[in-house]
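Peer 1: Going line by line, the protein sequences match chains U and X.
Following this note's numbering, the numbering of the first sequence begins with 272 at its first residue and continues without gaps.
Following this note's numbering, the numbering of the second sequence begins with 31 at its first residue and continues without gaps.
Hint data in this document are derived by calculation from the structure and do not stem from the laboratory.
Now the in silico label distances, taken between C-beta atoms and shown as ranges: (1) X:ASP232 with U:ARG491: 47 to 57 Å; (2) U:HIS565 with X:GLY329: 32 to 42 Å; (3) U:GLY561 with X:VAL214: 37 to 47 Å; (4) X:GLU259 with U:GLU340: 17 to 27 Å; (5) X:GLY329 with U:ARG346: 51 to 61 Å; (6) U:ILE580 with X:VAL214: 51 to 61 Å; (7) U:PHE339 with X:GLU254: 21 to 31 Å; (8) X:GLU34 with U:GLY421: 45 to 55 Å.
Every beta carbon over 10 Å from chain U, so not counted as near; a handful from chain X, in silico: (9) LYS50; (10) LYS231; (11) PHE234.
For every residue, glycine included, the Cβ atom is placed at its ideal position computed from N, Cα and C.
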Amino acid sequence: MGYKYLAKQDIKELFDKVSKIGDVFAPVKKGVEVVWSEVQDVSKVLFDFKNTSLSPKGLFFPQTECMFEFKNNPRAEDGFILKEVPPLEKNRVILNIRPCDARAFSILDKVFMRDEDSLDVYWKDKRDKTTLIGLACNNPASTCFCTQVGSSPFGEQGLDVLMIDLGDKYLLKPITDKGKDILDGFNDASDEDVKKIDELKQNAENKIKTRLSMDNILSREILEVYENPYWDRLHETCLNCGACTFYCPTCHCFDIQDETKGEYGRRVRNWDTCMSWLFTQHASGHNPRGTKKHRVRQRFMHKFKYMPIKLDGDIGCVGCGRCILVCPVNIDVRDVVNNLNK
Amino acid sequence: MLAEYTKQLRDAAKRLLKDKKVDCVLGYRKGTIPLVDAPYFAYTEEDCDNLIWSSFCTKNLANFLIKRQDKVAVVAQGCVSRSIVGLINENQVKRENVYILGIWSPGMVDRWKVYEKVGGREIVEAEEDGDKIIVKGDGFEETINKKEVLRQNCLTCIHRNAVLYDEFIGEKGEETGGGDIDQVAAPWEKLSIDERWEKFKDTFKECIRCYACRNACPLCYCAECFVDESRPQWCGKTQDEADIYTFHILRAFHCAGRCVDCGACESACPMGIKMRVLTSKIEKDIRQMYNYVPGMEIGATPPLSVYRPDDPEEFITP
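Please construct the entire structure, taking both the sequences and the accompanying hints into account.
Peer 2: What follows is the structure, given as structure tokens:
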């Protein structure tokens, strides 16, 4: 199946079709921000925006997620027996996800679904039941740098369908079987329109001015990067808050807690952050990452050194630029990578 | 005007490093994105050319002095100098270890107010020109009256010049931002209890518990914050309302009588939450009930840290 065609005034056709698949989530305007929300009405959906404030990571990996429930009474017959929480009831469609975010989740699949023995059932359930319809970026933000980390504003990795804005119409490219099912019945795009894509893509890529070099980081021994004197300066102004990690679409660490109230108990996982001292605190009192320097170094080492080693070369950054926008002290990942690569 | 402060700041910083009076100079450098200038440590005379003074210096540099062993020269406007006084009084900073480069604050910009001015469009460049802020983006350029986008705490500030310093950079300026703190400090007071609760919930509903507010605060230096304690665990880790509210309410009370209203918490928040609506009410109460303003005097004791047999207690047992 080749490219399909959809006039902008007919966008409701696509929306109605995907609404039949399940709940639809899309970027909407909220004050000065663009946020993810479930939508029933296509007129609420944004088609012209840079990217969302928080990534859609929470749709697959909620900040707080119940894993099991149990009766908090050791004497009860079913006391302390863990009960599974039900899986997602309905399928879902994520509309207008940016290529960088979709790619982030396909990288995270390698973490959460690497093999059958260590399958993260919560992640897998939501991934299996969700269709991703991407919207290519004609106008990347000034903080975007997807082209520097192996992708493109028109990247397809992780998407089921890629939509390309051609001004008065969208071209729709089916990428997976799920995507083909959705586009079945739409009109084929003209050759003339399809030819415009390359130029649009080139224009979008040219708008990304950031240049990153990480060849040395990737080729050097781990310890050489780890002991780079640059870390001695970088960590000084870091607040060790978790803003960068919570906004990052590829940060995926969590903390598991048991909570009880009366006879009710649940096991719940919450986003955690390697920026916090508590993240690595041992019960003995020892902390292997006892200083701010250890923690700042960990975040960047994990993304740009450890993940590529563990995940077949994939680095843990998709160039969305959110951490640059939210860091209270302006620690800019672009500068960090380039300085570390020297 | 601020360019002149920047020049004098660089000169002073270079002199201090050259004369080995200090080991480093803590100030601000230009940010890599608009409206956010960044805390910066200058160790060499060459580094000093990166130092700047602008209306985008929204953090509290006193925060970075805690636990440092070396001698640091620090750029401090009114609120930051008051935070340093507080930290000296609370034995977190040694007076002899800091060299305070006092400075006048022009009032710092609330970037969220600027975002509102341009309707959330992406700003790729921002510069200031006197009392104007000029922002540019894809296909637009807008000139904004700086007073309209000042942080609320800067608007109602009455101590813009450093109160404690070893050397003052440039001329002292206006002490006040022009706003009346008592008019805006406690928006809660006019509301009924039910309305307060609704307003409170609305204020904190977007919190993602990244703790940027806490970590940006020079008062939050506890070795182990109550939200991090696990034996016993006072506060849950989830996004449940109770956990989020517990964090914000307790943090505000821990700051009572110590908070100098520097606004670093709000400026650090990635979600744009205005948590000063809690602390500013407490600041007002401390000022009016105890006749105490924190950070003004070395040796002063925060009122909630002392027991006095002759406390009037009128407002406790009416």
